[in-house]
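Number of protein chains: 2
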Amino acid sequence: MPEKPSIGFIGLGSLGAPIAENILEQGYGLTVYNRTSSKSIPLKERGATVAENIAGLAARSEIIFSIVSDDAALKSVITAKDGLLSGMKPGTLHICMSTILPKTAVEMHYLHQSRSTHYLAAPVFGRPEAARARKLNFAISGEEKIRNSSVQILKDAGAANIWDFGESVNAANTVKLCGNYMIGAAIQAMGEGISLARQSGIDARKMWEMFTQTLFAAPIYVNYGKIILEEKFEPAAFSAKLGLKDLNLVIDQASSVNQRMPLAQLLRDNLQELVSTGREQLDWSAIFLGAQKN
Amino acid sequence: MPEKPSIGFIGLGSLGAPIAENILEQGYGLTVYNRTSSKSIPLKERGATVAENIAGLAARSEIIFSIVSDDAALKSVITAKDGLLSGMKPGTLHICMSTILPKTAVEMHYLHQSRSTHYLAAPVFGRPEAARARKLNFAISGEEKIRNSSVQILKDAGAANIWDFGESVNAANTVKLCGNYMIGAAIQAMGEGISLARQSGIDARKMWEMFTQTLFAAPIYVNYGKIILEEKFEPAAFSAKLGLKDLNLVIDQASSVNQRMPLAQLLRDNLQELVSTGREQLDWSAIFLGAQKN
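Protein chains in written order, with our numbering: chain X, 1 to 294; chain V, 1 to 294.
Simulated from the structure, these hints should not be mistaken for lab results.
Please note that the accuracy of each hint is not assured.
Identical chains blur together in the list; that is why a pair holds if it fits in one copy or across any two.
Derived lysine to aspartate or glutamate pairs resembling DMTMM-like cross-links, with alpha carbons at most 20 Å apart [said to hold, decoys possible]: (1) Lys-241 - Glu-62; (2) Lys-44 - Glu-107; (3) Lys-81 - Glu-52; (4) Lys-206 - Glu-144; (5) Lys-75 - Asp-203; (6) Lys-103 - Asp-71; (7) Lys-206 - Glu-143; (8) Lys-103 - Asp-203; (9) Lys-81 - Glu-167; (10) Lys-245 - Asp-70; (11) Lys-245 - Glu-167; (12) Lys-39 - Asp-164; (13) Lys-206 - Glu-167; (14) Lys-206 - Asp-164; (15) Lys-145 - Glu-52; (16) Lys-103 - Glu-62; (17) Lys-135 - Glu-209.
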């Protein structure tokens, strides 16, 4: 059996940490880096090496995962003086799981190509508990050889399914934006529908039981419906701040391909209202609260 | 075994006709009435009696189903000179399946009560093919005795499930409005999401395969996603005209309980646009077309 590749992992946030743990559990040598270094401690205690900086991590890794908060953070990780590009050896693969603009993915791909390193767009669908249960869904796109060679490590990272969107390097990023948009639209609809039921004196839980056992028997409606019915918006698994970031990306992408998206605009504005009124740390399904205000 | 009650059925539209057929198949004596009398012919050929007018149907029926297009049509069915109230014997039960305003249900309930007849709110969820497959979902509300005594005939009419929303006579009507609102919101979201994917050069079918096997694994997303991806908006199972009617009811109900519903407003406006531009006979999932126009 060939030795397992050495893995680097950048970004130990609420989703990054359990994915890194999955990799460690599968017996890979793992080097981690996080901007806030305290987040590396649990991984270190379980056997991971903590890198001083990203270039150091890059130098000792054959495959590098990254999952960071936004396009700017990703660009910094890659292009900073002691960043990925300065440390990666030729042939190294960077699996980028962040939710970013498709055009950013293209830029990053070309930067990697210029150093004879590889870039895979692999945005991930799933909350932290899905990562721990190894039930993540990855959308991937990029060069065929790279896609094929990434399947095993993605499974070991916690993928239940890997959805292949082909050669176009940024295709998976667009799919991720569409997916997050669809989720946001569903929570806006749930918030309004549940509010209408309650205001009309209906047993909203009973109604939700009906909907989620029939037409809306999908994880999104079951899980977010529960949060909305219980109004348990803290701790957030996906914050209003992140939701706003993603909706801004959706609007940006829509604008760049000349696509009108009135519902996405409405969602963005509601998320902006939550963030602007100091509720950015609530779960994004709290846009329900916005719908409740008359 | 007691003899089966004689059944009357008013409204042989795309959903009414297969429900009436179900009742006939279960061996009940059935009398039918439809404003456009030609629609009664297939039922007559299968053994139903065709009534000359609603009062005549009412006089010979112990249980009467109605499913008509809107509040005004229902009021006319009930209160016209040769309508239900003029023909129903005391003790007769009217099972009202139409999607109407909750306040209309209350009015109709009191009218029935004043004649010692019974009214059950039983709006129905399901497309015609679900009726034929006996997979309908009924939301019901009204007096407990009436609810309990309606279970068997609703099953025989094609109910897979009966969801009981209690004493308040109009509760089921509110649930139906919330449900149709949720469906409309989902198709608006699908339209925008699929448009964004296509405009961005993504394989939208592949994306939809991913979504409907994961986060959005629900009949609404599978069925409407198929219609939208194939742009097969004719023949409509649920027309833009009916969708607009229902969204107007939703907005009306929201207004009456002082509930802000910005997404419902957006939906209503998009459906209005379809209807105003001569596309009222398309399936309401054609609001996608609205989303495509820049």
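For each hint, the structure was consulted:
no.	hint	verdict
1	Lys-241 - Glu-62	neither (33 Å within a copy, 59 Å between copies)
2	Lys-44 - Glu-107	neither (33 Å within a copy, 69 Å between copies)
3	Lys-81 - Glu-52	within (14 Å within a copy, 87 Å between copies)
4	Lys-206 - Glu-144	between (48 Å within a copy, 17 Å between copies)
5	Lys-75 - Asp-203	neither (49 Å within a copy, 27 Å between copies)
6	Lys-103 - Asp-71	within (10 Å within a copy, 51 Å between copies)
7	Lys-206 - Glu-143	between (49 Å within a copy, 18 Å between copies)
8	Lys-103 - Asp-203	between (46 Å within a copy, 17 Å between copies)
9	Lys-81 - Glu-167	neither (30 Å within a copy, 70 Å between copies)
10	Lys-245 - Asp-70	within (8 Å within a copy, 43 Å between copies)
11	Lys-245 - Glu-167	neither (26 Å within a copy, 45 Å between copies)
12	Lys-39 - Asp-164	neither (32 Å within a copy, 50 Å between copies)
13	Lys-206 - Glu-167	between (46 Å within a copy, 14 Å between copies)
14	Lys-206 - Asp-164	between (39 Å within a copy, 9 Å between copies)
15	Lys-145 - Glu-52	neither (31 Å within a copy, 73 Å between copies)
16	Lys-103 - Glu-62	neither (26 Å within a copy, 67 Å between copies)
17	Lys-135 - Glu-209	between (24 Å within a copy, 17 Å between copies)
In this structure, the earlier hints numbered 1, 2, 5, 9, 11, 12, 15 and 16 are contradicted, and the remaining ones agree with it.
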